Amino acid sequence: MSFRTGHVPVSFCTHAVYASVGISDDLELIAKEPEFDIVQGGLTKFAALKKTHPHLTVLAAIGEDMKDSRAFKMISKNAEDRKTFAKNVQFWLNRFSYDGIVVHWKQYHQSQAAHYQDELNRIVATLRQTLGSTRRIYIGVPDDQEIAHFNLVTLFQSVDQFFVLPYWMLQEDGRTVMNKTKMTAFPHPLDDVLRTKHSLVSAGKGAFFHKFCFVFSIAGRSYTLADGNHYEINSNALGPGKPGPFTGTPGLLAFYEICNRTWTTRGKGTYGSYAVEDDQWIGYLDAPSLERVLRMVLWKHKAACVGIWDVSLDDFRGVCGDPFPLTKVIAGWHDRSVV
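Count along the sequence shown from 1, add 12, and you get the number used in the numbering used here.
One or more of the hints may lead you astray.
Straight-line C-alpha distance at most 30 Å; calculated BS3-like pairs for lysine-lysine [what the hints assert, rightly or not]:
1) Lys-194 / Lys-217
2) Lys-79 / Lys-99
3) Lys-44 / Lys-95
4) Lys-89 / Lys-99
5) Lys-340 / Lys-63
6) Lys-99 / Lys-194
7) Lys-194 / Lys-85
8) Lys-85 / Lys-280
Simulated restraints, written as ranges between beta carbons of each label pair [unchecked claim]:
9) Lys-79 / Thr-56: 22 to 28 Å
10) Lys-217 / Thr-277: 39 to 45 Å
11) Ala-299 / Met-13: 17 to 23 Å
None of these hints come from the bench; they were simulated from the model. Small disclaimer: the values here were computed from a predicted structure and weren't measured. C-beta atoms are modelled at their ideal positions from N, C-alpha and C, and glycine is treated no differently.
With the hints as extra help, turn the sequences into a complete structure.
This is how it looks when you write it as C-alpha coordinates:
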(Lines of atoms letter the chains of each structure in order from A; the text may use other names.)
(Lines give C-alpha, C1' and ligand atoms only; values in the text may rest on other atoms or scores of the structure.)
Protein backbone atom coordinates (compact mmCIF):
# COMPACT_ATOMS: atom_id res chain seq x y z
CA MET A 13 0.00 0.00 0.00
CA SER A 14 1.81 3.08 -1.25
CA PHE A 15 1.87 6.32 0.76
CA ARG A 16 2.45 9.46 -1.31
CA THR A 17 2.87 13.15 -0.59
CA GLY A 18 -0.76 13.71 -1.48
CA HIS A 19 -1.77 11.46 1.41
CA VAL A 20 -0.18 13.67 4.07
CA PRO A 21 -3.07 14.85 6.29
CA VAL A 22 -2.00 18.47 6.07
CA SER A 23 -5.23 19.91 7.44
CA PHE A 24 -4.47 18.19 10.76
CA CYS A 25 -0.82 19.23 10.90
CA THR A 26 1.08 22.29 12.08
CA HIS A 27 4.50 20.95 11.02
CA ALA A 28 5.61 18.34 8.49
CA VAL A 29 9.10 16.86 8.37
CA TYR A 30 10.72 15.43 5.23
CA ALA A 31 12.86 12.48 6.34
CA SER A 32 15.48 12.87 5.29
CA VAL A 33 18.41 14.51 3.49
CA GLY A 34 22.08 13.67 3.90
CA ILE A 35 25.44 15.42 4.10
CA SER A 36 27.99 15.11 1.28
CA ASP A 37 31.77 15.01 1.63
CA ASP A 38 31.70 18.69 0.61
CA LEU A 39 29.31 19.44 3.50
CA GLU A 40 26.37 20.08 1.20
CA LEU A 41 22.85 18.75 1.75
CA ILE A 42 22.13 15.95 -0.69
CA ALA A 43 19.19 13.75 -1.60
CA LYS A 44 19.29 10.28 -0.08
CA GLU A 45 17.02 8.86 -2.75
CA PRO A 46 17.79 10.98 -5.84
CA GLU A 47 15.24 9.22 -8.05
CA PHE A 48 12.38 10.03 -5.70
CA ASP A 49 13.68 13.21 -4.05
CA ILE A 50 14.85 15.01 -7.20
CA VAL A 51 13.77 13.25 -10.41
CA GLN A 52 10.22 12.58 -9.21
CA GLY A 53 10.11 15.90 -7.36
CA GLY A 54 9.60 14.51 -3.86
CA LEU A 55 11.33 17.42 -2.12
CA THR A 56 9.53 20.04 -4.20
CA LYS A 57 6.10 18.44 -3.87
CA PHE A 58 6.50 18.24 -0.10
CA ALA A 59 7.33 21.94 0.18
CA ALA A 60 4.40 22.74 -2.12
CA LEU A 61 1.98 21.52 0.56
CA LYS A 62 2.28 25.05 1.98
CA LYS A 63 0.60 26.50 -1.09
CA THR A 64 -2.75 24.98 -0.18
CA HIS A 65 -2.15 25.07 3.58
CA PRO A 66 -0.18 28.24 4.37
CA HIS A 67 -0.31 27.55 8.13
CA LEU A 68 2.03 24.58 7.63
CA THR A 69 5.71 24.71 8.65
CA VAL A 70 7.76 22.42 6.41
CA LEU A 71 11.03 21.05 7.76
CA ALA A 72 13.77 18.74 6.50
CA ALA A 73 15.47 16.24 8.79
CA ILE A 74 19.23 16.08 8.36
CA GLY A 75 20.87 12.83 9.27
CA GLU A 76 19.29 9.53 10.29
CA ASP A 77 22.23 7.30 9.37
CA MET A 78 25.76 6.80 10.63
CA LYS A 79 27.42 8.36 7.58
CA ASP A 80 25.72 11.63 8.44
CA SER A 81 26.61 11.18 12.11
CA ARG A 82 30.27 10.96 11.16
CA ALA A 83 29.83 14.11 9.06
CA PHE A 84 28.28 15.95 12.02
CA LYS A 85 31.21 14.94 14.20
CA MET A 86 33.71 16.21 11.63
CA ILE A 87 31.81 19.49 11.17
CA SER A 88 31.73 20.10 14.92
CA LYS A 89 35.52 20.10 15.22
CA ASN A 90 36.31 22.93 12.80
CA ALA A 91 34.85 26.46 12.84
CA GLU A 92 35.27 26.96 9.08
CA ASP A 93 33.56 23.65 8.35
CA ARG A 94 30.66 24.70 10.58
CA LYS A 95 30.31 27.99 8.70
CA THR A 96 30.47 26.23 5.34
CA PHE A 97 27.87 23.69 6.41
CA ALA A 98 25.54 26.39 7.77
CA LYS A 99 25.79 28.39 4.52
CA ASN A 100 25.04 25.24 2.52
CA VAL A 101 21.98 24.58 4.69
CA GLN A 102 20.80 28.14 4.11
CA PHE A 103 21.26 27.75 0.34
CA TRP A 104 19.33 24.47 0.36
CA LEU A 105 16.43 25.91 2.37
CA ASN A 106 16.14 28.82 -0.04
CA ARG A 107 16.36 26.56 -3.09
CA PHE A 108 13.63 24.17 -2.00
CA SER A 109 11.50 26.64 0.01
CA TYR A 110 11.69 24.82 3.34
CA ASP A 111 11.14 26.64 6.63
CA GLY A 112 13.79 24.93 8.71
CA ILE A 113 15.60 21.78 9.72
CA VAL A 114 15.61 18.98 12.26
CA VAL A 115 19.13 17.94 13.28
CA HIS A 116 18.89 14.16 13.71
CA TRP A 117 22.29 13.02 14.92
CA LYS A 118 22.15 9.27 15.46
CA GLN A 119 24.50 7.49 17.83
CA TYR A 120 25.98 4.02 17.69
CA HIS A 121 24.95 3.37 21.27
CA GLN A 122 22.52 5.04 23.62
CA SER A 123 25.30 5.64 26.17
CA GLN A 124 27.21 7.89 23.76
CA ALA A 125 24.60 10.64 23.93
CA ALA A 126 26.27 12.35 26.89
CA HIS A 127 29.57 12.71 25.04
CA TYR A 128 28.56 14.86 22.07
CA GLN A 129 26.77 17.75 23.76
CA ASP A 130 29.51 20.35 23.21
CA GLU A 131 29.81 19.29 19.58
CA LEU A 132 26.07 19.64 19.09
CA ASN A 133 26.06 23.05 20.77
CA ARG A 134 28.72 24.33 18.39
CA ILE A 135 26.85 23.15 15.31
CA VAL A 136 23.43 24.56 16.22
CA ALA A 137 24.93 27.86 17.39
CA THR A 138 26.57 28.34 13.99
CA LEU A 139 23.38 27.32 12.22
CA ARG A 140 21.37 29.90 14.18
CA GLN A 141 23.91 32.64 13.53
CA THR A 142 23.77 31.92 9.79
CA LEU A 143 20.07 31.17 9.35
CA GLY A 144 18.82 34.02 11.53
CA SER A 145 15.60 34.11 13.49
CA THR A 146 13.20 33.41 10.61
CA ARG A 147 14.33 29.82 10.03
CA ARG A 148 13.32 27.04 12.39
CA ILE A 149 15.90 24.79 14.04
CA TYR A 150 14.86 21.66 15.91
CA ILE A 151 16.95 18.80 17.23
CA GLY A 152 16.12 15.20 17.97
CA VAL A 153 17.06 14.16 21.50
CA PRO A 154 16.79 10.85 23.41
CA ASP A 155 13.95 10.06 25.79
CA ASP A 156 16.04 8.79 28.69
CA GLN A 157 18.39 9.98 31.41
CA GLU A 158 20.93 11.11 28.80
CA ILE A 159 18.85 14.24 28.25
CA ALA A 160 19.98 15.48 31.66
CA HIS A 161 23.52 15.89 30.28
CA PHE A 162 22.46 18.34 27.57
CA ASN A 163 23.46 21.97 28.11
CA LEU A 164 19.88 23.16 27.75
CA VAL A 165 20.60 26.78 28.66
CA THR A 166 23.02 27.06 25.74
CA LEU A 167 20.89 25.06 23.33
CA PHE A 168 17.78 27.13 24.04
CA GLN A 169 19.58 30.15 22.62
CA SER A 170 19.74 28.42 19.24
CA VAL A 171 16.95 25.83 19.12
CA ASP A 172 13.25 26.51 18.65
CA GLN A 173 12.13 23.21 20.09
CA PHE A 174 13.31 19.72 20.99
CA PHE A 175 11.81 16.65 19.36
CA VAL A 176 12.07 13.87 21.92
CA LEU A 177 12.53 10.59 20.08
CA PRO A 178 12.47 7.11 21.61
CA TYR A 179 16.05 5.89 21.76
CA TRP A 180 15.54 3.27 19.02
CA MET A 181 14.89 6.13 16.58
CA LEU A 182 18.29 7.60 17.42
CA GLN A 183 20.19 4.35 16.96
CA GLU A 184 21.56 2.71 13.85
CA ASP A 185 19.49 -0.45 14.15
CA GLY A 186 16.28 1.57 14.16
CA ARG A 187 12.94 -0.17 14.35
CA THR A 188 14.28 -3.60 15.27
CA VAL A 189 15.34 -2.29 18.70
CA MET A 190 11.68 -2.15 19.69
CA ASN A 191 11.32 -5.91 19.87
CA LYS A 192 14.56 -7.20 21.37
CA THR A 193 12.81 -8.05 24.62
CA LYS A 194 11.38 -11.56 24.89
CA MET A 195 8.18 -10.40 26.53
CA THR A 196 5.04 -9.00 24.92
CA ALA A 197 4.38 -5.30 25.55
CA PHE A 198 2.36 -2.34 24.32
CA PRO A 199 3.86 0.67 22.63
CA HIS A 200 3.95 2.99 25.64
CA PRO A 201 4.72 6.60 24.66
CA LEU A 202 3.67 7.81 28.11
CA ASP A 203 6.76 6.07 29.49
CA ASP A 204 8.92 8.18 27.17
CA VAL A 205 7.38 11.37 28.53
CA LEU A 206 7.65 10.39 32.18
CA ARG A 207 11.24 9.21 31.74
CA THR A 208 12.26 12.49 30.12
CA LYS A 209 10.46 14.65 32.66
CA HIS A 210 11.96 12.70 35.56
CA SER A 211 15.46 13.09 34.10
CA LEU A 212 15.00 16.85 33.69
CA VAL A 213 13.56 17.35 37.17
CA SER A 214 16.28 15.22 38.77
CA ALA A 215 18.92 17.34 37.06
CA GLY A 216 17.27 20.59 38.16
CA LYS A 217 16.15 21.35 34.59
CA GLY A 218 12.42 20.77 34.91
CA ALA A 219 11.66 24.38 33.95
CA PHE A 220 12.76 23.59 30.39
CA PHE A 221 10.07 20.94 29.87
CA HIS A 222 7.81 23.40 28.04
CA LYS A 223 10.04 23.24 24.95
CA PHE A 224 9.87 19.48 24.56
CA CYS A 225 7.68 17.97 21.86
CA PHE A 226 7.27 14.21 22.02
CA VAL A 227 7.32 12.28 18.76
CA PHE A 228 5.43 8.99 18.94
CA SER A 229 5.44 5.96 16.71
CA ILE A 230 1.96 4.67 15.98
CA ALA A 231 3.30 1.33 14.76
CA GLY A 232 1.99 -1.76 16.47
CA ARG A 233 4.56 -4.06 18.10
CA SER A 234 4.22 -7.70 17.15
CA TYR A 235 5.74 -10.77 18.79
CA THR A 236 5.86 -14.50 18.17
CA LEU A 237 4.61 -16.16 21.36
CA ALA A 238 6.59 -18.91 23.03
CA ASP A 239 3.27 -20.61 23.81
CA GLY A 240 0.13 -19.68 21.91
CA ASN A 241 -1.99 -20.64 24.92
CA HIS A 242 -0.36 -17.96 27.06
CA TYR A 243 -1.01 -14.57 25.51
CA GLU A 244 -1.50 -12.19 28.42
CA ILE A 245 0.41 -8.91 28.60
CA ASN A 246 4.08 -9.61 29.39
CA SER A 247 3.85 -13.20 28.14
CA ASN A 248 7.03 -14.92 26.99
CA ALA A 249 7.92 -14.40 23.33
CA LEU A 250 10.45 -15.98 21.00
CA GLY A 251 11.10 -12.70 19.22
CA PRO A 252 9.52 -10.30 16.70
CA GLY A 253 6.27 -11.18 14.98
CA LYS A 254 5.89 -11.98 11.30
CA PRO A 255 6.21 -9.11 8.79
CA GLY A 256 3.03 -7.40 7.68
CA PRO A 257 1.90 -7.77 4.04
CA PHE A 258 2.62 -4.10 3.28
CA THR A 259 5.18 -2.91 5.84
CA GLY A 260 7.30 -6.05 5.51
CA THR A 261 9.19 -5.48 8.78
CA PRO A 262 9.40 -8.20 11.47
CA GLY A 263 7.96 -6.96 14.75
CA LEU A 264 6.08 -4.02 13.26
CA LEU A 265 2.58 -3.62 11.85
CA ALA A 266 0.80 -0.55 10.51
CA PHE A 267 -2.54 0.31 12.07
CA TYR A 268 -4.27 -0.49 8.77
CA GLU A 269 -2.70 -3.98 8.91
CA ILE A 270 -4.07 -4.48 12.42
CA CYS A 271 -7.60 -3.11 12.11
CA ASN A 272 -8.32 -4.97 8.87
CA ARG A 273 -7.38 -8.40 10.22
CA THR A 274 -9.47 -11.02 12.00
CA TRP A 275 -8.02 -11.80 15.43
CA THR A 276 -9.16 -14.72 17.57
CA THR A 277 -8.54 -12.87 20.85
CA ARG A 278 -8.52 -9.20 21.80
CA GLY A 279 -7.75 -7.46 25.07
CA LYS A 280 -7.14 -4.02 26.53
CA GLY A 281 -4.83 -2.36 29.00
CA THR A 282 -5.02 1.18 30.33
CA TYR A 283 -2.79 2.68 27.65
CA GLY A 284 -2.91 0.11 24.87
CA SER A 285 -4.74 -2.82 23.31
CA TYR A 286 -3.60 -6.22 22.13
CA ALA A 287 -4.78 -8.90 19.73
CA VAL A 288 -3.78 -12.53 19.24
CA GLU A 289 -3.97 -15.05 16.40
CA ASP A 290 -2.24 -18.42 16.81
CA ASP A 291 1.28 -17.55 17.97
CA GLN A 292 1.17 -13.92 16.80
CA TRP A 293 0.68 -11.21 19.46
CA ILE A 294 0.31 -7.52 18.60
CA GLY A 295 0.27 -4.60 21.04
CA TYR A 296 -0.98 -1.32 19.60
CA LEU A 297 -2.57 2.05 20.24
CA ASP A 298 -6.19 2.49 19.21
CA ALA A 299 -8.25 5.67 19.48
CA PRO A 300 -9.48 5.16 23.09
CA SER A 301 -6.06 4.21 24.48
CA LEU A 302 -4.40 7.05 22.58
CA GLU A 303 -6.91 9.48 24.10
CA ARG A 304 -5.86 8.34 27.57
CA VAL A 305 -2.17 8.70 26.71
CA LEU A 306 -2.69 12.24 25.41
CA ARG A 307 -4.70 13.27 28.45
CA MET A 308 -1.71 12.34 30.61
CA VAL A 309 0.96 13.80 28.32
CA LEU A 310 -0.66 17.10 27.34
CA TRP A 311 -3.13 17.85 30.13
CA LYS A 312 -1.51 16.44 33.25
CA HIS A 313 2.20 16.73 32.42
CA LYS A 314 1.95 19.80 30.13
CA ALA A 315 4.25 18.66 27.33
CA ALA A 316 4.61 21.25 24.57
CA CYS A 317 3.11 19.05 21.88
CA VAL A 318 2.89 15.57 20.43
CA GLY A 319 3.92 14.52 16.94
CA ILE A 320 3.72 11.35 14.86
CA TRP A 321 6.93 9.78 13.62
CA ASP A 322 5.36 7.51 11.00
CA VAL A 323 2.02 8.95 9.86
CA SER A 324 2.07 6.54 6.90
CA LEU A 325 1.34 3.72 9.36
CA ASP A 326 -2.03 5.18 10.31
CA ASP A 327 -5.07 3.96 8.36
CA PHE A 328 -4.44 6.60 5.71
CA ARG A 329 -6.77 5.10 3.08
CA GLY A 330 -9.64 4.54 5.50
CA VAL A 331 -9.56 0.75 5.17
CA CYS A 332 -11.41 0.38 8.49
CA GLY A 333 -13.45 3.60 8.49
CA ASP A 334 -12.50 7.26 8.36
CA PRO A 335 -8.92 7.91 7.18
CA PHE A 336 -6.23 8.78 9.74
CA PRO A 337 -8.15 7.84 12.90
CA LEU A 338 -5.09 8.11 15.18
CA THR A 339 -3.83 11.32 13.60
CA LYS A 340 -7.23 12.90 14.17
CA VAL A 341 -7.21 11.92 17.84
CA ILE A 342 -3.90 13.73 18.34
CA ALA A 343 -5.11 16.68 16.29
CA GLY A 344 -8.09 17.05 18.58
CA TRP A 345 -5.74 17.64 21.51
CA HIS A 346 -3.88 20.41 19.70
CA ASP A 347 -6.88 22.60 18.88
CA ARG A 348 -7.40 20.49 15.78
CA SER A 349 -3.76 20.61 14.73
CA VAL A 350 -0.91 18.16 15.27
CA VAL A 351 2.84 18.35 14.79
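In ascending order, which of the hints set out earlier in this document are inconsistent with the structure? Hints 1, 6, 7 and 8 not satisfied by this model.
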